[in-house]
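Each protein sequence line maps, in turn, to chains A and B. For what it's worth, full-length UniProt numbering labels the leading residue of the first sequence as 1, then goes sequentially. For what it's worth, full-length UniProt numbering labels the leading residue of the second sequence as 1, then goes sequentially.
Treat the hints as calculated values from the structure; they're not laboratory data. Keep in mind the model is a prediction, meaning the values are calculated, not measured. If a hint is listed, it holds; no wrong ones were tucked in.
Here are some chain A residues pointing at chain B (derived, C-beta under 10 Å):
#1 Gln69
#2 Leu173
#3 Asp186
#4 Glu187
#5 Ala198
#6 Ser207
#7 Lys226
#8 Gln227
#9 Asp230
#10 Gln250
The calculated DMTMM-like cross-link candidates involving lysine to aspartate or glutamate, where the alpha carbons are at most 20 Å apart (straight line), are:
#11 Lys54/A to Asp326/A
#12 Lys254/A to Asp234/A
#13 Lys315/A to Asp326/A
#14 Lys71/A to Glu221/B
#15 Lys177/A to Asp210/A
#16 Lys71/A to Glu108/B
#17 Lys177/A to Asp269/B
#18 Lys177/A to Asp153/A
#19 Lys158/A to Asp210/A
Glycine included, C-beta positions come from ideal geometry on N, C-alpha and C.
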Amino acid sequence: MKIVKTLFPSLALSLALAGGAIAEPVKVGLITTLSGGGATLGIDTRDGFLLGLKQAGATDVEVIVEDDQQKPDVAVQLADKMIQSDQVDVLTGIVWSNLAMAVVPAAVGQGKFYLSTNAAPSQLAGAGCNPLYFSVSYQNDNLHEAAGAFATDTGYNKVFIMAPNYPAGKDSLAGFKRYFKGDVVDEVYTQVGQTDYAGEIAQIRASGADAVFFFLPGGMGISFMKQYADSGVDLPLVGPAFSFDQNILQAAGKAALGVHNTSNWSKDIDNEANKTFVAEYKAEYGRLPSIYASYGYDTAHLLLSAMKTADVKDKEAFRAALAKADFASVRGKFSFGPNQHPIQDIYVREVVEEDGILTNRIVSTALADRADAYAAECKM
Amino acid sequence: MTLLLIEQILNGLQYGMMLFLMAAGLTLVFGVMGLINLAHGSLYMLGAFVCAAVAGFTGSFWLGLVASLIASAAAGAVIEVAVIRRLYARDHLDQVLATFALILVFSEGCRWVFGSSPLFLTVPAVLSGAVTFPGGLQYPLFRLVIIFVGLAVAGGLFWLIGGTRLGVRIRAGEADRGMIAALGVDISRLYTIVFALGAALAGIAGALVGTLQSVQVGMGEPVLILAFVVIVIGGIGSIKGALIGALLVGMTDTMGRFLLPMGFAQIMDPAAARGVGSALASILIYLLMAVVLVVRPQGLFGART
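My request is simple: use the sequences and hints to build the entire structure.
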């Protein structure tokens, strides 16, 4: 935690100093996973968010970055510290839904805005929605719903489905089944952070399925892909972008080539904001951006767009300004539904090789203008 | 179904062998020196990181494996001489505190040298892919190799403890360290050798498992907890106990995660059954440990009570 903090004081300080003359800077607490098997997701989130601020030349935002180590108890402690002693105005950055469930309700309960760069569990989209909570990424089910639709369109009849046993994993399988018309031959919940998938692969081998849908983000996805490639099972794989993000592809290697996955962002979406984002991200960090980086980047721009028209201390005005989503999203079309979750297109991507690097390319649109299944239950 | 069952049994066996490599070193150190070494998981992590680094640098997995063996044994010897040696006379709380400090040092050290992102090893070409048995069963070759390495290490350890001069000394040191020192055996050298041996076993386990899964900071701690469960079940200080305990834990965990969700699906809604089943499966080995502790507090093959 401490290492991370000392990496960024210069940035936070310079942003704060320059803005001091005009108004109080908006304080943002960014809690994300910077160590362990999920570190690449949090690092990308942070880098995307900071790039968004830097690129817009934002001078009145102060960012405090902390590592939650992918542990709910650590995330809660960090949030308490940021709310009580740092007195942040906005919290953001949490990658994992179990951590979000531990932090978000308490944070919005204490009158802080929470802008989600990734985790968006169903519990916070329906009856548990809150005026101070916005999901910039998606609602958890979305990408999996699109994968279900894709599996149906491709003509898979018998699919084996698998996800980790935590809120986003349950949302994942619920989302897939909502749009998949064939038979689910077996559904398996793995442990969060699991690194050995021998047992699951044995079940896949014996299942008689004609395709496998799996949601395993970060290091879990890498371990599974490597072991699957070595197992002798060769059923086609389908998954959300999380299972095939830029970091996983580099580690999984050629085994991933040609695999289809669903995403609301891709580096080849054709709009100015996205071209700028991809080019500047590569220039700044020397690697291709992932979906997590794109969500962080969009979140930064959403925050800045609201700061232009409203003061963060005036909660009602700031909420209204955020809800307008008046910023150029790297996804192109972007608006918020009544439960403050995005309405957006979700695409099917294919893993291809470009200049010796594995990456994703959009092949079709799976769901157009998709909101989510829980908006009707949200009473705000 | 039969093929699936056999494959799951092999998975349980492979998992058990991996746990045995960890638990054997831990139980030797605990049995001979009476030392609780929480840093055993760090030596496992070190083995994995060294293997990944050397394999990445030279392009040879085998060099990586050899390097991990040497590095973890050397690290074991160094920390025994520098830190552990001062702890034998202290009580268990001091040992736990000091070796916990070692975990932090190793973890931050690895993070500093190798970064926070996981590293990945590639299974060498000769061991990659799956083998097909008569009857149609397919199983990844590398996992079979882990089973054989585990069996070979078990055989080697039984021979070492039961059939060599060093083994006689280790057993004597376990029984009465004052007496063996009085008989003119260099007890502190013996301890360094045993500690380095345990560290080497942890390092080789880390390298093998790291190849299969991923190499990351903190990978040792979950395995360490399981290794403690194994030696508590098997009986502290017993290699035989470590082997049987490791196989029991490996089988129970693998079979639990496989059979429990299926079992619950017979009596309740399938989707809920999967959630309940997999949640229950993850506590199964601790239940096993609790039962063993109630029935046989000294462990299955433990001499001490």
